[in-house]
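Visitor: Chains as they are written, first to last, in our numbering: chain A, 1 to 375; chain B, 1 to 375.
None of these hints come from the bench; they were simulated from the model. Accuracy of the hints is not assured; some may be wrong.
If you anchor each label on the Cβ, the simulated ranges turn out as follows [claimed, not checked]:
#, chain 1, residue 1, chain 2, residue 2, range
1, A, Leu107, B, Arg226, 55 to 63 angstroms
2, B, Gly294, A, Pro216, 19 to 27 angstroms
3, A, Asp34, B, Pro289, 28 to 36 angstroms
4, A, Ala125, B, Lys313, 56 to 64 angstroms
Reference listing, derived: stretches of chain B covered by chain A, where coverage requires no fewer than 3 residues with Cβ under 8 angstroms from a Cβ of chain A [claimed, not checked]:
#, stretch
5, 285-299
6, 306-313
The beta-carbon is built from N, C-alpha and C at its ideal position, and this holds for glycine as well.
2 protein chains.
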Amino acid sequence: MRIGILGGGQLARMMVAAGIELGLDFIVLDPASDACAGQLAPLIIGDWASASEQPELLACDRITCDFENVPAAVLESLAAAVTVRPGPMAFEAAQDRLVEKSLLRQLSIPVPDFAPVSSRPELLAAIERIGLPAVLKTRRLGYDGKGQAVLRSQEDLEPAWQALGEHELILEAWVPYRHECALTAVRCAGGEIRFYPLSWTVHDQGILRLARAPAPVDPALVDEARSHVRLLMDHLDYVGCLTLELFVGEFGLLANEFAPRVHNSAHWTIEGSLTSQFENHLRAVADLPLGDTGMRGQTLMFNWIGAMPAVDKLLSVPGLRWHDYGKQARSGRKVGHATLVARDQDELAERLAQIRPLLDDQTASLLSGEITPLG
Amino acid sequence: MRIGILGGGQLARMMVAAGIELGLDFIVLDPASDACAGQLAPLIIGDWASASEQPELLACDRITCDFENVPAAVLESLAAAVTVRPGPMAFEAAQDRLVEKSLLRQLSIPVPDFAPVSSRPELLAAIERIGLPAVLKTRRLGYDGKGQAVLRSQEDLEPAWQALGEHELILEAWVPYRHECALTAVRCAGGEIRFYPLSWTVHDQGILRLARAPAPVDPALVDEARSHVRLLMDHLDYVGCLTLELFVGEFGLLANEFAPRVHNSAHWTIEGSLTSQFENHLRAVADLPLGDTGMRGQTLMFNWIGAMPAVDKLLSVPGLRWHDYGKQARSGRKVGHATLVARDQDELAERLAQIRPLLDDQTASLLSGEITPLG
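Just chain A, same shape as in the assembly (with noise of 0.2 angstroms):
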C-alpha cells in the first residue's frame, strides 16, 4: 500500500520512518526542495494546489497530510480520487480559528469566549463584550504564536490592528490557566478510538518547548478532555491522529484549538507508548489494526529549537533519545528533539537532574517544578 503525504516536515518524515516498518510506501508532496521527509522517501516538488494533478499522488492508496494548512480545497479535489484521511472537514473547521472555536461550541465543549473581527468597531465591539486581558489572532495560518497579539490594555489595540487588520480576526478571552495540556487520539474508520495519557506542555513565545507525559493529573480531568475528543472525532468521522490542545486552571478545562494531524505534543509516544502516534495515525489511515497505545514509563521531550545543540554530553544521559530532523539551523524553526525516557518518576528525576547542567538557559529556565517530577 502506498501513501501520499502532502508536507515533507518532521511529521512526514517520523510517519516514513514508522509506516517502512509496517510495510508501507510512501511519497511525499512539498513545496520545497530541501524538505526533510525527502531524506526517507520520494520527495515530488510542488505546490499544494498541483497536488490533485501529480499522477503519483493520484496513484496512491490513501492522502494523508503533514501540515495542517493544505487548502481544503486541494483534500477536496484529491478525495474525488483517493481515499484522504482525515478528510477535508477537519481541515476545513482546523484552518479558521472562528470555524474551529465555533464547532467546539457547538459540541458543548467548552472553550474561552470569542468574537469574530473583521474591523475596527467589531474588535471594540468584542473587546467590551470579553474584555481584557484579551488575544487577537488571525482565523487563519496562524502557527508557532505568529499572527497573534496579546491586548493587555487599550494601548495594545492600534499596534495589534496595525500588525493584523488587513487579515480576518478573532479575539479570544485571555485564560488565567496554570497549565497547557494536549490530548491525542486515534480513530480508526471502524470509528474505534484509542486514547493516549494527556500530556503537559509549555510553550515559550508560542513554540512548543516541552511536553511531559503522562501529565501527573486528577484522572476526571483526563476523562473529560477524553470526552470532548471523542465528541469532536466521531462528529468529524475522523479517521488518524487528532490532538485537542486545552488549557487547565481554577475554571477546570477549556478547549484552544486542535490538529488534524500528528502532534508535537505527543513526539514521546515514539518511545513511551507501545505504538508511537506516528505508526497509530498510519496504521488507521491503512485500515490496520490500532496499536496499544499502552505507557512505557515516564517520558518528557524537549523541542530543540533554531539549531541542534551539541549532542555529544547530552547522548551520555542515561535514556535520552535523540531525534534530527536534518533540517537546516534557522531562527524558531524546529530541528529535533529528545526524549527523556524513564521507568518511573523517581528515575526521571534523576536523569532529569543529569541533564539539566546540560541544557541552554532557556530551555533549563523553562523546566519548572510543575512539570518536571522534582517538584
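Once you have looked at the hints, place chain B on chain A.
Guide: For chain B alone, kept in the frame of chain A given last:
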C-alpha cells in the same frame, strides 16, 4: 558525518533508520539493485571489489559493514583512505571458521574441538580424533546453515564429502547443547565496552527463528560470556557491535562463532533496550558516546522467513512491534521480524498466549517451554 555501509540488507537498513535520528548521513554499496537499505539511503550498485574505487565511499568519514563476508582485502584497501570500523582484522578472523576457532582458543575462550580438513584422509583423521557426531563445515562463506553437514555415522561421510569436498573445510565436534545463546556488546575506540543482556536463540535448519532477552539464566553464565566477549573485542581493538554465539549445556559455555557486525539475535534491542544495537554500533563508529544498554522489559523476537505473514491479526496483539524489511518474498530469506515486548515475564506470557494461535505451525512449534516464559 557520513557513514558508508558495505552491504545494503536489513542490517544496513536498520542502521540507517537508527542513524538518521543522530544526524548521520549514509551511503550504501551493494551488488543488488533492490537492496532494501536503498529505500532509506542512497545506494551505489557495485560489487565489493569496486568499493575502494567508489569516490562517494572514499569521501565518507567512516566505513562499516552489514555483511561479514565483504573481503577483508577490500576493507584493507579502503582503510588506507577512510576509517573502517570494525577494522579488517575482525573480518579476517570471522570469515574463516578455522582462523576464528583458532583465535578463540588462543584467547582461552572454550570452543568445541575442531580440526582443519582439506582431503579425505584428513577428514578420516579428524573423525578419528574428534569422534562422531560431528559437523563438517566450509571454512568460508557459510551462513544461515548453508555449507554444513552433520555427520552422525560413517555413512554420512561420503555424501558430505561429495557436497562440500571442493572447499577448504573444518570438522567440529557436535555439541550436545541445551540452549544456544548470543551475547552482543559494543566497544568504542577508547576501549569502553557495554554489554546487552544475553539472548536465548532458537534456530531451525540453521536459520535464527526466535530470540528471547534477557535470557533467564544464572548470572555467572552471563559474566563468563561477557568475559569472553571482552577478551575478543580487546584483542581485535574492536569498534562497534559484535555478537558471540555460544552453546549452553552441562559442559558449561562453548563459543561457536562471532559476527563482526550488528546481529539478528539482538534485533529485540530496538524496543527492548534504551539504545538499540544499531544505534550503539553507529555511536561507536562515529565516536559518539555509547548509549545505555539497559533493558526496557522482556522481549521475544520472531523472524519472518520466506514471506511476511498476514499482518492484520498479528498487529492486533498488544506489544507486538512489526518490522517489514521491504524485501521480495523468497524461500529461506529473512524478510522481516517482530518483537513482542512486555513489562515483565507474566505480561510476556499473557501476550505470547495471544499471539500463539496466530503463528504458523513451524514458528509455534519452536516456542518450546524452555525459551518461553510459559514454562
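Visitor: Each hint should be assessed against the structure and marked as holding or not.
Guide: Results of checking the hints against the structure:
| no. | hint | verdict |
| --- | --- | --- |
| 1 | A:Leu107 - B:Arg226: 55 to 63 angstroms | holds, 59 angstroms |
| 2 | B:Gly294 - A:Pro216: 19 to 27 angstroms | holds, 24 angstroms |
| 3 | A:Asp34 - B:Pro289: 28 to 36 angstroms | holds, 29 angstroms |
| 4 | A:Ala125 - B:Lys313: 56 to 64 angstroms | holds, 59 angstroms |
| 5 | 285-299 | holds (count 7) |
| 6 | 306-313 | holds (count 4) |
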